[in-house]
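Asker: Chains A and B are the protein sequences, given in the same order. With the UniProt record's numbering applied, the first sequence corresponds to residues 1 to 193, in that order. With the UniProt record's numbering applied, the second sequence corresponds to residues 1 to 205, in that order.
What the hints contain is simulated information worked out from the structure, not anything from laboratory work. As the structure is a computational prediction, the values presented were derived from the model and not from experiment. Some hints here could point you the wrong way.
[To be verified] According to the in silico footprint, chain A covers these stretches of chain B (three or more CB under 8 Å from chain A):
hint, stretch
1, 54-67
2, 72-79
[What the hints assert, rightly or not] Below, in silico cross-link-like pairs of lysine-lysine (DSSO-like), each with a Cα-Cα straight-line distance of 27 Å or less:
hint, chain 1, residue 1, chain 2, residue 2
3, A, K51, B, K46
4, B, K73, B, K9
5, A, K96, A, K26
6, A, K169, B, K9
7, A, K51, A, K169
8, A, K96, A, K51
9, A, K162, A, K51
10, B, K46, B, K73
11, A, K51, A, K26
12, A, K162, B, K73
13, B, K32, B, K65
14, B, K26, B, K54
15, A, K162, B, K102
16, B, K46, A, K162
17, B, K26, B, K46
18, B, K65, B, K28
19, B, K65, A, K51
20, B, K102, B, K26
Backbone N, C-alpha and C define an ideal beta-carbon position, used for all residues, glycine too.
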Amino acid sequence: MALSSHTTSTGFLLPSIHSAPPFFTKQPNPITNSTATEQWIRLISEYARFKRLFYLRIDDCEATGNDWDEILRNERINRRLLPTYLSYIIETMIEKGLAEYEPPKQTRSVILYWRAPEEWAEALHGWVVSTGRLNTIMTFYEITEPEIESPLSGIPLPLLRKCISILAKTNRSQIIAIPDGEGARFFARSTLQ
Amino acid sequence: MGGNQSVPKITAQDRAILDLKLQRDKVKQYQKQIQSVLDREQAIAKSFLAAGQKDRALTALRRRKYQQSLLVKTDGQLENLEQLVSSIEFSLIEVSVLHGLKQGNEVLKEIHKEMNIESVERLLEETAEAREYQREIDDMLANNLTLEDEEVVQAELLALQADQLKAPVKVPEQEQKEANKLPSVPTTEPHSTEPAKEERITIPA
């Protein structure tokens with residue numbers, strides 16, 4: 001049977017390997033396994049970028065009706081990704097810095113970095129500059145749910161925090177905390193770096 | 001964070017602004033919540049109506065109306081909060097403008113301190129004095145020459161002038177260029193005037 005790529009109802013192009021039944025189980029041969037895992041990682045990252053998904057849970061391959069249905073299962077060949085294999089893929093992604101357990105100290109849910117946190121940090125700073133909000137105190141809500149959609153709309157708080165602390169290393173941000181919540185303030189790039 | 005020299009300190013003012021903005025966010029979130037309730041009540045009313053339960057649909061719609069009134073109220077509150085935030089931020093800008101003016105003023109004062117009128121007057125006086133002094137020296141030097149010396153000097157000058165007349169006169173470049181230029185054709189009828197005589201100017205030594 002010839003394998004063919006498939007476009008999902010949401011317009012995402014699945015690679016032809018997604019129609020191969022062995023793709024859904026962990027391969028015993030280490031070389032085959034590393035190639036297949038590589039493909040899975042690319043597929044997951046691309047899909048997450050496509051749909052702006054930030055979290056992946058082991059649960060997502062166990063139950064239907066979530067954001068990941070289209071890629072973690074293939075009804076046309078009656079296959080689904082098994083939880084053990086997914087957790088192996090996730091471990092590999094963490095090794096490569098493409099994901100991180102979130103919340104930490106558990107292994108069933110990860111935050112995906114289809115864009116490196118450093119890039120997110122730059123995007124955040126760029127957005128702050130372009131909307132003229134340097135030196136203004138902003139709430140986290142203001143950043144993640146802006147009235148006009150921004151490249152940062154909907155980014156999870158842990159990632160936002162990470163971005164802010166990355167920018168803080170170059171003195172471009174500062175977190176302000178009060179009992180009621182937190183906010184941040186951003187500064188122009190210092191010329192003294 | 002903290003201990004960083006180049007980021008400004010967080011003041012009580014900053015915290016107050018953050019607090020205000022967090023309140024504003026809460027109102028916004030509350031509005032979102034009401035909006036979802038509104039949508040839900042409408043769906044409920046629709047399904048009751050479909051099931052033929054007109055009273056219950058009416059109750060749902062009444063609840064919806066109430067929530068709607070809340071939404072309008074929160075809109076007003078949100079407006080107040082946002083106005084407050086804007087005016088605080090605007091005042092902060094004004095403060096920084098004032099600060100800038102103050103600093104500029106101080107610099108100007110500092111400069112003026114160094115440049116007060118008395119010292120300028122004194123400086124000018126001193127310059128005038130120095131010039132006077134120089135003139136006196138010149139006079140003295142000129143007077144020091146004896147009559148004999150003066151005659152010798154004059155004679156030297158004459159000799160130099162004579163030399164210059166004998167030597168082939170070097171036409172300065174500027175004049176040479178003008179000489180190469182042909183005169184333009186006269187446009188008017190010539191009428192007799194005295195012939196233009198070429199005048200050779202003796203170049204002073």
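Asker: Hints first: check each against the structure and report whether it holds.
Answerer: So, going through the hints one by one against the coordinates:
1. Remark: the stretch 54-67 of chain B is not confirmed as covered by chain A, as 0 of its residues place a Cβ nearer than 8 Å to a Cβ of that chain, below the required three.
2. Check on the stretch 72-79 of chain B: 0 of its residues sit with their Cβ under 8 Å from a Cβ of chain A, so the three-residue criterion for coverage is violated.
3. Note on A/K51 and B/K46: the hinted pairing is violated, with a Cα-Cα distance of about 32 Å set against a maximum of 27 Å.
4. Only pairs whose Cα atoms come within 27 Å are accepted, and B/K73 paired with B/K9 is rejected, the gap being roughly 37 Å.
5. For the hint linking A/K96 to A/K26, the alpha-carbon distance of about 19 Å falls within 27 Å, and the restraint holds.
6. With a C-alpha separation of about 16 Å, the suggested pairing of A/K169 with B/K9 holds against the 27 Å cut-off.
7. Annotation: proposed proximity of A/K51 to A/K169 is violated, straight-line Cα distance about 31 Å (limit 27 Å).
8. For the proposed pair A/K96 and A/K51, the alpha carbon gap of about 22 Å is at most 27 Å, so the pair holds.
9. Simply put, A/K162 and A/K51 have alpha-carbon atoms about 22 Å apart, close enough for the 27 Å limit, and the pair holds.
10. Proposed proximity of B/K46 and B/K73 is supported: the alpha carbons are some 26 Å apart, at most 27 Å.
11. This hinted pair checks out: A/K51 and A/K26 have alpha carbons roughly 26 Å apart, not beyond 27 Å.
12. At roughly 37 Å between alpha-carbon atoms, A/K162 and B/K73 are farther apart than 27 Å, so this suggested pair is violated.
13. Annotation: proposed proximity of B/K32 to B/K65 holds, straight-line Cα distance about 16 Å (limit 27 Å).
14. The hinted pair formed by B/K26 and B/K54 fails the criterion: a straight-line CA distance of about 36 Å is larger than 27 Å.
15. Under the criterion of a C-alpha separation no larger than 27 Å, the hint pairing A/K162 with B/K102 is inconsistent with the structure, at around 39 Å.
16. Of the supplied pair hints, the one linking B/K46 and A/K162 is violated, its CA atoms being roughly 45 Å apart against a limit of 27 Å.
17. Straight-line distance between C-alpha atoms of B/K26 and B/K46 comes to about 30 Å, which puts the hinted pair past the 27 Å bound.
18. In summary, the hint linking B/K65 to B/K28 is supported, as the alpha carbons are separated by about 19 Å, within the 27 Å threshold.
19. For a cut-off of 27 Å, the pair hint linking B/K65 to A/K51 is broken: about 36 Å separates their Cα positions.
20. For the hint pairing B/K102 with B/K26, the CA-to-CA distance comes to about 39 Å; that exceeds 27 Å, so the pair is violated.
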